[in-house]
Amino acid sequence: METFFKRVGIGAIVIITSPIWVAYFCLYVIFGTVLILLTPIRFIESLFTDKKLKIKNHYDIEAAAILNQMGEGYNVNQSSNIPPSAGANMQQPNYQPYNGNSYPPQQPPYYPPQSGYPQNTNTNYNQNNAGYNQNNYPNQNNNGRGGNQ
Amino acid sequence: MDNLITLVKLTESDKKTLIALVIIILFIVMIVGYIQKLVGFIMKNQGATVDNQMYDILRTGVIQKKRDFTKEARRKSGIYFLKKAWIPFFLSVICIGSFTIYVYIYRSGDFSFFTDSWGLMMPNINWNVNKFFSIMIPTDYPEFETYFAFNGSRDEYISLIFVIVSAIPLTFYLVECQAFIARSMRIRKLCSTYFAKDVNKLSNNHA
Numbered sequence: 001m002e003t004f005f006k007r008v009g010i011g012a013i014v015i016i017t018s019p020i021w022v023a024y025f026c027l028y029v030i031f032g033t034v035l036i037l038l039t040p041i042r043f044i045e046s047l048f049t050d051k052k053l054k055i056k057n058h059y060d061i062e063a064a065a066i067l068n069q070m071g072e073g074y075n076v077n078q079s080s081n082i083p084p085s086a087g088a089n090m091q092q093p094n095y096q097p098y099n100g101n102s103y104p105p106q107q108p109p110y111y112p113p114q115s116g117y118p119q120n121t122n123t124n125y126n127q128n129n130a131g132y133n134q135n136n137y138p139n140q141n142n143n144g145r146g147g148n149q
Numbered sequence: 001m002d003n004l005i006t007l008v009k010l011t012e013s014d015k016k017t018l019i020a021l022v023i024i025i026l027f028i029v030m031i032v033g034y035i036q037k038l039v040g041f042i043m044k045n046q047g048a049t050v051d052n053q054m055y056d057i058l059r060t061g062v063i064q065k066k067r068d069f070t071k072e073a074r075r076k077s078g079i080y081f082l083k084k085a086w087i088p089f090f091l092s093v094i095c096i097g098s099f100t101i102y103v104y105i106y107r108s109g110d111f112s113f114f115t116d117s118w119g120l121m122m123p124n125i126n127w128n129v130n131k132f133f134s135i136m137i138p139t140d141y142p143e144f145e146t147y148f149a150f151n152g153s154r155d156e157y158i159s160l161i162f163v164i165v166s167a168i169p170l171t172f173y174l175v176e177c178q179a180f181i182a183r184s185m186r187i188r189k190l191c192s193t194y195f196a197k198d199v200n201k202l203s204n205n206h207a
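Here the protein sequences line up with chains P and Z, keeping their order.
Under our numbering, residues 1 to 149 are what the first sequence spells out, in order.
Under our numbering, residues 1 to 207 are what the second sequence spells out, in order.
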């Protein structure tokens with residue numbers, strides 16, 4: 001019953017405000033007609049200027065370039081210690097760009113590279129890095145220093 | 001005061017008729033409400049074109065200002081309208097233009113045959129109306145003086161074909177105009193939501 005009266009109320013409002021809607025619609029029809037009639041002039045103008053009558057413009061080209069870059073290895077340029085081949089197999093992060101209104105700006109998530117070196121799975125180290133003595137990197141001995149030293 | 005006395009004097013039959021009338025009016029208003037719901041649903045789908053066109057640009061952060069967004073979205077919407085609407089528009093113009101030229105050449109600019117033909121083809125309904133609170137309202141079922149009649153004359157054929165052929169592209173054009181309005185409304189809504197300075201977002205980010 002509540003839905004019925006709600007719908008009746010909306011219908012009554014629509015009927016009362018219908019002249020406004022009809023006038024608004026007619027204005028848009030006239031505007032659209034003028035837009036179509038002016039198209040040849042705009043087309044001729046576009047031949048001599050940079051304003052092309054195409055849906056995609058330089059914004060879309062920039063966006064496509066950025067997306068292409070993200071797709072081919074977005075994280076490659078984030079850190080210099082990641083080998084270039086590492087980014088090829090990465091999944092594209094779900095990155096929401098900073099729109100200028102929220103603070104702090106959202107940063108793209110960092111995905112570690114799938115390197116050939118063994119990962120440090122020992123999470124039981126204490127604050128003094130007592131457990132951090134594995135050979136995870138080349139030229140590194142057990143005391144955490146480089147092998148050449 | 002006389003009207004109130006009239007109400008009191010209503011018989012049971014009149015009161016039942018009055019209740020039936022109110023129910024019919026409520027039903028019609030409800031149908032209008034559901035039509036509004038349908039139109040809203042269609043316009044929502046039509047407005048989604050803006051999202052498709054602007055998604056990559058906003059996602060990559062190429063546009064970061066509200067003004068640039070509005071300008072670019074309106075430009076895209078306008079060109080999309082042109083691409084979709086020019087064919088129905090010119091078909092409508094050709095139909096109406098052809099008919100007008102025909103009337104001016106063969107009928108000396110007299111359009112009365114068109115209205116006369118439709119007057120003959122459509123049913124002639126006689127409503128029994130009466131005054132009720134200073135408003136003339138139907139008080140009985142309508143009487144059909146004439147029903148739908150198609151005599152097959154040349155004027156009727158021309159009138160019928162013109163209306164059918166013109167109505168199809170014109171309907172498509174009006175639907176595209178509606179889509180244009182829907183996209184404009186969607187652009188305005190996105191301006192007020194995507195670029196809104198919402199303090200709640202700050203609290204969520206710091207939470």
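Please keep in mind that the hints were generated in silico from the structure rather than gathered at the bench.
Treat the hints with care, as some may be off.
Claimed, not checked - Pairwise CB distance ranges, derived in the manner of DEER restraints:
| # | chain 1 | residue 1 | chain 2 | residue 2 | range |
| --- | --- | --- | --- | --- | --- |
| 1 | P | Thr39 | Z | Phe27 | 44 to 50 Å |
| 2 | P | Pro19 | Z | Phe132 | 21 to 27 Å |
| 3 | P | Phe43 | Z | Val39 | 55 to 61 Å |
| 4 | P | Pro19 | Z | Ser13 | 21 to 27 Å |
| 5 | P | Cys26 | Z | Phe133 | 54 to 60 Å |
| 6 | Z | Phe133 | P | Gly9 | 55 to 61 Å |
| 7 | P | Ile55 | Z | Ile164 | 31 to 37 Å |
| 8 | P | Cys26 | Z | Thr193 | 25 to 31 Å |
We put the beta carbon where it would ideally sit given N, CA and C, even for glycine.
>> For a quick check of understanding: which of the numbered hints are violated here, in increasing order?
In response: Checked against the structure, the hints that fail are numbers 3, 4, 5 and 6, while the rest are satisfied.
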